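Work out the full structure, taking the sequences as your base and the hints as a guide.
Protein chains: 2
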Amino acid sequence: MTLSETQQKAARARLCRVGLRPTRQRVALAGLLFGGNDRHVTAEQLHGEAMARGIKVSLATVYNTLHQFNNVGLLREVVVDPSRSYFDTNVSHHHHFYFEGESRLQDVPGHEIAIDSLPEVPKGSEVSRVDVIVRLRARPGSSDR
Amino acid sequence: MTLSETQQKAARARLCRVGLRPTRQRVALAGLLFGGNDRHVTAEQLHGEAMARGIKVSLATVYNTLHQFNNVGLLREVVVDPSRSYFDTNVSHHHHFYFEGESRLQDVPGHEIAIDSLPEVPKGSEVSRVDVIVRLRARPGSSDR
DNA sequence: ATTTGTGCAAATCGTTTGCATCTGA
DNA sequence: TCAGATGCAAACGATTTGCACAAAT
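Line by line, the protein sequences are chains A and B.
The first sequence: position 74 = 78 (my numbering), numbered continuously.
The second sequence: position 6 = 10 (my numbering), numbered continuously.
It should be emphasised that the hints constitute simulated quantities derived from the structure, not laboratory data.
The structure presented is a predicted model; accordingly, all values stated were derived computationally and were not measured.
Don't take every hint at face value.
Copies of the same chain are indistinguishable here, so a pair counts whether it falls within one copy or spans any two.
Lysine to aspartate or glutamate pairs mimicking EDC-like chemistry, simulated, CA-CA at most 16 Å apart [claimed, not checked]:
#: 1; residue 1: Lys127; residue 2: Glu104
#: 2; residue 1: Lys13; residue 2: Glu81
#: 3; residue 1: Lys127; residue 2: Glu106
#: 4; residue 1: Lys60; residue 2: Glu48
#: 5; residue 1: Lys13; residue 2: Asp135
#: 6; residue 1: Lys13; residue 2: Asp120
In structure tokens form, the structure reads like this:
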């Protein structure tokens, strides 16, 4: 099924707010990304999802769009896996669990990890962001529960 | 110039200790990596350096070797840049500064970043590692000082 | 002798780009 | 109208792989 009327409106508004033209594919992708809960997507995933919903977008456009969204702050790129890029729809202050076996991300609310005592930052630099990645592996002797 | 006798010995010993055959190229690469201070290298960099020193190694072997070293704990892969993999010769507990403009890493001693209050880890998982990456950008209005 | 590693070149894979065509304002 | 987007296919760059050859035990 396709996106609801309301989702379209919201997506359109969101795009205008950040100065991006609400083109058909951008509106559709924004709808998928921001229509529900927070998500962590790769370009391939999102493209696949769009196809499945009958939205016609090329993979190249998905890549472009993800980067554009990232640039204007609608998304945040998460670097955890050297082989793939993840984009997080949650752009507020938070960190991540990364399930190494499953290549899956999960948010950790920012307040649940307190960093006290950042080291002195080198002269001429300023902190752009602090990423904390808690890498997890399946606990041996536990069938997932 | 080539590696010193002592460095060769040390490299050989290090390899045997972790159960890797001390082949010519592994000994040479280990010599480059562990001969001096801690370093953050990419495969291309290390390969270039080897060539410059007249060590004959193929890029493929450099990749293989880096991964083998990583697997046995001689190196630690640092994921900060979606386009390249870095390997750190410092495998002790520590974190990183990442200079976004220059694609350069710098160690931050583990004790200089204290994380108090890790969130509850999902059932069936255990922490494999916690990575903290402090992303830095040049401070505007500062010619690097 | 047997096992393991190496080099090369080709293959892969995610991602980016050039360019002709389309589309939204 | 016309700047800005899109799609496609080709280009790309980092990494991996298959296989014949070489080296270590």
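Do the hints match the structure? See the list:
| no. | hint | in the structure |
| --- | --- | --- |
| 1 | Lys127 to Glu104 | between (35 Å within a copy, 15 Å between copies) |
| 2 | Lys13 to Glu81 | neither (25 Å within a copy, 44 Å between copies) |
| 3 | Lys127 to Glu106 | between (39 Å within a copy, 15 Å between copies) |
| 4 | Lys60 to Glu48 | within (14 Å within a copy, 39 Å between copies) |
| 5 | Lys13 to Asp135 | neither (33 Å within a copy, 39 Å between copies) |
| 6 | Lys13 to Asp120 | neither (42 Å within a copy, 42 Å between copies) |
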